[in-house]
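Enquirer: Work out the full structure: start from the sequences and follow the hints.
Chains as they are written, first to last, in numbering that gives the first Met the number 0: chain A, 0 to 146; chain B, 0 to 128.
Calculated directly from the structure, the hints in this document are not laboratory data. Since we're looking at a predicted model, the values are computed, not measured. Please note that a few of the clues may not be correct.
Unchecked claim - In silico contact screen, one side only, chain B against chain A (beta carbon under 8 Å); selected entries:
hint : residue
1    : Leu52
2    : Asp53
3    : Glu54
4    : Ser57
5    : Pro59
6    : Met60
7    : Ile112
8    : Asp115
9    : Ile116
10   : Tyr118
11   : Asn120
12   : Gly122
13   : Ile123
Using N, Cα and C, we set each Cβ at its ideal position, and we do this for glycine too.
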Amino acid sequence: MRIEKRLVEGRPLTVIIEYPEWNESVESLVRKIGRMDISFVGKTEEGSVNIGISDVYYIENVERKLFIYTEGDVYRFDGSMSDIESRIEDTALVRISRTCIMNTDHLKEIKQIRNSHLEAVMDNDEKLIVSRKYLPDIKRIFKREGI
Amino acid sequence: MKRILRDTCILSALMTLSVFVISIVWVGMTDEIKLVLELFILSFIISLGNYFLDEYTSLPMIGSYAVKYIAATGLVMLFGFIAGWFYRSNFWMAFIYVGIVIVLAYFIDAFKIKRDIDYINSGIKKKKG
Numbered sequence: 000m001r002i003e004k005r006l007v008e009g010r011p012l013t014v015i016i017e018y019p020e021w022n023e024s025v026e027s028l029v030r031k032i033g034r035m036d037i038s039f040v041g042k043t044e045e046g047s048v049n050i051g052i053s054d055v056y057y058i059e060n061v062e063r064k065l066f067i068y069t070e071g072d073v074y075r076f077d078g079s080m081s082d083i084e085s086r087i088e089d090t091a092l093v094r095i096s097r098t099c100i101m102n103t104d105h106l107k108e109i110k111q112i113r114n115s116h117l118e119a120v121m122d123n124d125e126k127l128i129v130s131r132k133y134l135p136d137i138k139r140i141f142k143r144e145g146i
Numbered sequence: 000m001k002r003i004l005r006d007t008c009i010l011s012a013l014m015t016l017s018v019f020v021i022s023i024v025w026v027g028m029t030d031e032i033k034l035v036l037e038l039f040i041l042s043f044i045i046s047l048g049n050y051f052l053d054e055y056t057s058l059p060m061i062g063s064y065a066v067k068y069i070a071a072t073g074l075v076m077l078f079g080f081i082a083g084w085f086y087r088s089n090f091w092m093a094f095i096y097v098g099i100v101i102v103l104a105y106f107i108d109a110f111k112i113k114r115d116i117d118y119i120n121s122g123i124k125k126k127k128g
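Expert: Here is the structure:
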C-alpha cells in the first residue's frame, strides 16, 4: 500500500482511496476512516458545538444527563449511552463503567489504586474510575490496533 | 489455551445435558441425573447473581469477592436444604465448598487484571512513542 500526503490549502481534509479491486481490506479501511469523522453535537449556554470524536476525552452519564468532556471543556449531549455506543463501534472510545465512556487515544495510564479499584489517568491528568468488568474491552482496543 | 479450556467446559456441559435428556426420556429421572440438573440450576442462579453484582456495584475487589462469597454460600445452603444435599449437622460444609471456588476465582481474577493493566500500559507507551 502506498501512502501519499499533500497539502491543499483552503479545502477540507480529503482522503482518496484508490484500489485495484473492492475487497474486505478496502471496505475495512473505508469504514475506519469514516469512523474518524464521527462527531457529536454538544450544547453549552452559548449554543451548539460540533465535537469531533478525536477531541472527546470521555462521556459521562450524571443523573441521567450526558456530558461530553474534552481537554478543558464540558458539553451537554442530548441522547442516551446506547445512542453513543451504537456510533462508537470500531473507534477508540470504550465503555469503562456503567456511566462512563472513555477515549483510549487520550489515555495516559491505567492504575490499580488501593482497595483494588482501577483508575484511568487521562492526558489532561483527569482521573476516571474503571470497572474491572470493562478492562478486557479496553485491552481489546489495543489488541485490535495491533499494539 | 484459555479458549480451548472454555470451549471444553461448554462442550462437556452440553454433552452432559443432551445425554441426560435422552436418559430421562429412556429410563426416567435417577438420583445422579437429578443432582447434575440441580447443579446446573444452582450455577445459573449464582451466575445471574454474579452478573448483577458486577453490573450494579463498584466495590473494591476484596469487598466484591466477600459479598460474592456470602451470597453464593447462602444460595448453596438454601438450595442444598431444598434439594436435600445437606444433613442438618454438616450444612457448614457449604462455606468450605464455596470458599475454595471463591479463593481460586479471586487469584485468577487478580492475575488477569494485573496482566491486562500491563498490556494496556505497554500499548499506551508504544502508541505514544
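Enquirer: Hints first: check each against the structure and report whether it holds.
Expert: Verification of the supplied hints:
{"no.": "1", "hint": "Leu52", "verdict": "violated, 10 Å"}
{"no.": "2", "hint": "Asp53", "verdict": "holds, 5 Å"}
{"no.": "3", "hint": "Glu54", "verdict": "holds, 7 Å"}
{"no.": "4", "hint": "Ser57", "verdict": "holds, 6 Å"}
{"no.": "5", "hint": "Pro59", "verdict": "holds, 3 Å"}
{"no.": "6", "hint": "Met60", "verdict": "holds, 3 Å"}
{"no.": "7", "hint": "Ile112", "verdict": "holds, 6 Å"}
{"no.": "8", "hint": "Asp115", "verdict": "holds, 5 Å"}
{"no.": "9", "hint": "Ile116", "verdict": "holds, 5 Å"}
{"no.": "10", "hint": "Tyr118", "verdict": "holds, 6 Å"}
{"no.": "11", "hint": "Asn120", "verdict": "holds, 6 Å"}
{"no.": "12", "hint": "Gly122", "verdict": "holds, 3 Å"}
{"no.": "13", "hint": "Ile123", "verdict": "holds, 6 Å"}
The structure shown violates just one earlier hint, number 1.
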